[in-house]
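Asks: Here is what each chain is made of, one letter per residue.
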Amino acid sequence: MNTASMQWGVTDGWTLLVIVGLAGVTVLTRCFFFILDRPWGLPDWAQRALHYAPIAAMAGVVIPEILITDGHLITTWRDPRLYAALVGGAYYFWRRGVLGTMVAGMAVYLPLHLGLGW
Amino acid sequence: MLPVALGISAWGLMTGVAMVKSGMSVFEAVAMTLLVYAGSSQLASIPLLVAGAPAWVVLATAFCVNLRFVVFSLHLRPYLIHLPRWRRLTHGYLTADMSYAVFTGRYPQPAATPAEQREQEAYLTGGYFVTWTAWMVMSLIGVALANIIPQAWGLGFAGVLSLVGILCSMATSRLRVVAAWIAGATAVAAYALPLKMNIVVAIGVAVLLCFWIEKGFVPDPAAEDEQ
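Chains A and B are the protein sequences, given in the same order.
Residue numbering for the first sequence follows numbering that gives the first Met the number 0, beginning at 0 and increasing consecutively.
Residue numbering for the second sequence follows numbering that gives the first Met the number 0, beginning at 0 and increasing consecutively.
This is chain A alone, in the form it adopts within the complex:
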């Protein structure tokens, strides 16, 4: 692999197809109830699922990204992700802002990761 391909990364046709599919998911979800002309509703169970499925999907993606290394639950406290996520979450509930959550978390993550080498 030469320097140029390392910088640009390797593009994969299958991934591009999935990206097109993701664009379709954006259109489908953002337009869901006004794609059809006639009015319609969801069954009751689906309405209730709308309350829990979004946060469950987000937690299902995010929590392993914080707690798993190489396929296993971490067994050390010396992991900058733990403290960054805790501080980020605390910031969110203090000030309400996704951007501030990211900045506060990185302000903890970078010194621990680059400074202490965790």
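Honestly, the hints are just simulated from the structure, not real lab data.
Every residue, glycine too, gets a C-beta built ideally from N, C-alpha and C.
Certain hints may be false.
[What the hints assert, rightly or not] A few chain A residues that face chain B, going by a derived Cβ cut-off under 8 Å, partial list only:
id	residue
1	18
2	32
3	33
4	47
5	49
6	52
7	72
8	91
9	104
10	105
11	112
12	113
[Unchecked claim] Quick list of the computed label-pair ranges, beta carbon to beta carbon:
id	chain 1	residue 1	chain 2	residue 2	range
13	A	89	B	83	44 to 52 Å
14	B	84	A	93	42 to 50 Å
15	A	19	B	100	26 to 34 Å
Dock chain B against the given chain A, drawing on the hints supplied.
Replies: Chain B in isolation, oriented as in the chain A frame:
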């Protein structure tokens, strides 16, 4: 609109950097930025794409992450339904979280007359034009900057931290907090499942357990939503 555009710009810049630092190629990151136009589902699908999860798991996860838009679309229907379908779909596709919040904040009621309808459509279009432009320009700058930032800095984690913020913003009732903990614990416990199925299992377990808690222990689920 200025504070909104500034917030979108910073979040777009970071998403651009995080996409490349999480393992996307530059071309894939640019395609994702231009086509998908949904920061949270972009960032949530990247770990799955990098792990080689099957397409349906990636799409199903993105669909669930995007379910909040389904709720918005029900709200927006009376504002848009008089338009031809292709225009509704264009407006819907381009109306993300902030554009939706600004638009429905400015117009709490759908238009009653054709003149008001044109006014509202113009306001909606102007709003998402600002957010779309800010997002696209800054995301593409982020993708370009990512190439000169060393991988060892770990800036991909900024994407995870943004998702932590979105996760916290979704925790608007006690049962939703419970759903998040159940899904997080299940996704970790089931991590060894192939094809990133742990996320699908986590969503299923969390939704079913919350249905059960709701039925058995919460007398008035609608009131609980207001907590």
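Asks: It remains to establish, for every hint, whether it holds in the given structure.
Replies: Structure-based check of all given hints:
no., hint, in the structure
1, 18, "5 Å, holds"
2, 32, "4 Å, holds"
3, 33, "5 Å, holds"
4, 47, "6 Å, holds"
5, 49, "6 Å, holds"
6, 52, "5 Å, holds"
7, 72, "6 Å, holds"
8, 91, "4 Å, holds"
9, 104, "4 Å, holds"
10, 105, "6 Å, holds"
11, 112, "5 Å, holds"
12, 113, "7 Å, holds"
13, 89/A - 83/B: 44 to 52 Å, "48 Å, holds"
14, 84/B - 93/A: 42 to 50 Å, "44 Å, holds"
15, 19/A - 100/B: 26 to 34 Å, "28 Å, holds"
When each numbered hint is compared with the structure, no violation occurs for any of them.
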